[in-house]
Amino acid sequence: MKITGAQGLVKALELENVTTIFGYPGAAICPFYDALLDSDIKHILTRNEQGAAHAASGYSRVTGKTGVCVATSGPGATNLITGIATAYSDSIPMVAITGQVSLDLIGRDVFQEVDITGATEPFCKHNYLVKNVKDLPRIVKEAFHIASTGRPGPVLIDVPVDIQTDTLDFIYPDEVDIKGYKPNYKGHPQQIKKIAEAVASSQRPVICAGGGVISAKASEIMTRLAEKYQIPVVTTLMGIGAIPADHPLNMGMLGSHGVYAANYAVHNTDLLIIVGARVGDRALGTAGKIAEKAGIIHIDIDPAEIGKNVSTTIPVVGDAGLILEDLYKSIQNCNTSQWLESLQQAVKKNKVKLKEQSSYVNPKKLLAELSKRLYDNAIVVTEVGQNQIWAANNFIARKPGSFITSGGLGTMGYGLPAGIGAKIGRPESTVVVIGGDGSFQMSMPEMGTIKQNRLGVKILILNNNRLGMVREIQKNKYKKRYSQVFLDDNPDFVKIAEAYGFKSEKISCNSQIDSALERFLADDNAYLLECSIDPEEETV
Amino acid sequence: MAKHILSVLVENRSGVLSRVAGLFSRRGFNIDSLAVGVTENPEVSRMTIVVDGDEYTVEQVSKQLNKLIDIIKIRALEDSDSVSRELALIKVNATSSTRSEIVQIVEIFRAKIVDVSKNTLTVEISGSGDKVRALEDMLRQFGIKEIVRTGTIAIERGNKYIKAGSTEEM
Ligand SMILES: Cc1ncc(C[n+]2csc(CCOP(=O)(O)OP(=O)(O)O)c2C)c(N)n1
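One line per chain: the protein sequences are A and B, in this order. Under this note's numbering, the letters of the first sequence match residues 1006 to 1545, in that order. Under this note's numbering, the letters of the second sequence match residues 664 to 833, in that order.
Just so you know, these hints were derived from the structure itself, not from any lab. Any given hint might turn out to be false.
[Unchecked claim] Quick list of in silico lysine-lysine cross-link-like pairs, DSS-like style, CA-CA up to 25 Å: (1) A:Lys1184 to B:Lys826; (2) A:Lys1456 to A:Lys1508; (3) A:Lys1191 to B:Lys736; (4) B:Lys823 to A:Lys1187; (5) B:Lys730 to A:Lys1184; (6) A:Lys1070 to B:Lys730.
Please read these numbers as outputs of a predicted model, since none were measured by experiment.
Starting from the given sequences, assemble the full structure and let the hints guide the process.
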């Protein structure tokens, strides 16, 4: 029986076990939206396509499924771009579906036409322009396969509107066969043996865990490995949660915004074992220097990451979980007691000194207090800026996936929609979005999405009336010549929240933290808590 | 900096060339030349890419290219173990007094004259990049009007060949 391309697209999503999608309609995607009415797939209407992409990302990160977002052609498609690029940087499996003008009009600059495959080509894992309705089932199958296997990432499918109305005999392929795409999962045994030997002869090994550990679901085996051989662990921003934040072997986040002990460990190690991290400049900017004196082991599913930013003594390509599993069995011995002792001294220097203030809320104290009140299954989602780093270093993430942030691209406006996706993916969890006043305003209208879907998302605004992190850069590197970082005429966030029907309040000193957090977390309703933060408060 | 030749099998689809070219510009790699043509299998094209750079660059180029879904296989060709050619058409000024000298030079290079007009000769030459350059140098004295070059294509010597599906050696 023949069905339309739009019906086929919906059917293919169903066959991929997609149950929730995020999007925003328009003329060029109307046939799809029409077909969606006959499906059980739940659609969340966000307030901006960027919100849809970020929500799909947050949803993916808590469910482990491929997030799906949908937009119309032209402006709808371009609004998705930041979300796609964000997912690419953080290796989040995502399928983005865009409408396109009809095939015969492509290339003529007609109404709402944009070359979205060309535009997204540099920052998505792969993309398709569907030119024949018969290809649609294969393309959808391939897209989900590519997005979720190997190093995960976003894949875009651009579907001209006449392809959506054209008809086909729908047969969904069972398997994909893409000649040029065969990810390698099993680590090379010879390389694993070499690592085992290197660990055995190392005095000061360190594991550096990146986001790849979480996406490979390798957190547990990594933690067990670290425990068995007593190897300390540092994490990148994306690796937070890979090992419990309060685990005695966790030295914390490394890098320019990291903590003392983590950086001390990396600078004094004789064997750095990097797992699922892309050695970004913020985290391991000095990796080249480390490499001069220490051995560097790099484990990654993406061969192109290895040797890209740091020369590697022992490279291993494959799935972090499988490799660490093999390694767990292969290491003979490892004596790190002296090393751990010296790190314990360093850890003492991690302790933050809190400033005495009476007219502000201290964000570090606030986040530490929040941690105490959240259960293990709570999820913290951040915006970008000082708020993100305060959360990274002071929220105690106990489980993989409990700390969600735009680590790779550093996208302001990510937190609120990603929090929405997270809450929809894990409705039973308490989801707290932490934002600065600047980044919160980039996605503020998504409060409408929260209201419409009755989502009990908690929003914590750390309001310093500044683009705090940029202000800090200008303070330290531009001799306090402050340029365009003042948000003095911020709206009354409490009133805005009330307009959306949220409970809301504002606090402005540390003594209010306790009781405010109590109310904030009391029930499962949306709540906005605005906290006055000292504009002079430092990031680390 | 040295030149490295990469032989790359790709899906014969629209968009692949722009993906490859885009990757080079975005990652700051220098392409010296890029030649594309379909292979014995109509679904597969071969790109011969000449890259200017050190070992690190070539490794990065290969790894990043490998990430593209449309790329099927990549092989770096060793100079000593491969044959490479470039084709050029050179349109040079020719007067009654210089014509015979040009013809002589063309013969020495085993090139061909493929078009003649009152004031010009068009020479076709195929060979290594060096050979093409040498002829160009010789012809420059007469005044070159136009040059078209294809960029390098290359193939491995002997029984080795690169195929989609398997890289075989007989
Ligand atoms: C979309 C986007 N634009 C600009 C930036 C640059 N940027 C990084 S942090 C920052 C300031 C963030 O201010 P705010 O959200 O108020 O957080 P704070 O640093 O004050 O906690 C800016 C502008 C960015 N990361 N993303």
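Do the hints match the structure? See the list:
In summary, the hint linking Lys1184 (chain A) to Lys826 (chain B) is supported, as the alpha carbons are separated by about 11 Å, within the 25 Å threshold. Note on Lys1456 (chain A) and Lys1508 (chain A): the hinted pairing holds, with a Cα-Cα distance of about 11 Å set against a maximum of 25 Å. About 20 Å separates the Cα atoms of Lys1191 (chain A) and Lys736 (chain B), which keeps this hinted pair within 25 Å; it holds. At most 25 Å may separate the alpha-carbon atoms for a hinted pair to count; Lys823 (chain B) and Lys1187 (chain A) meet this at roughly 23 Å.
Between Lys730 (chain B) and Lys1184 (chain A) the CA atoms are separated by roughly 12 Å; this keeps the pair inside 25 Å, and the hint holds. Under the criterion of a C-alpha separation no larger than 25 Å, the hint pairing Lys1070 (chain A) with Lys730 (chain B) is consistent with the structure, at around 22 Å.
Comparing the model with each earlier hint shows no violations; every hint is respected.
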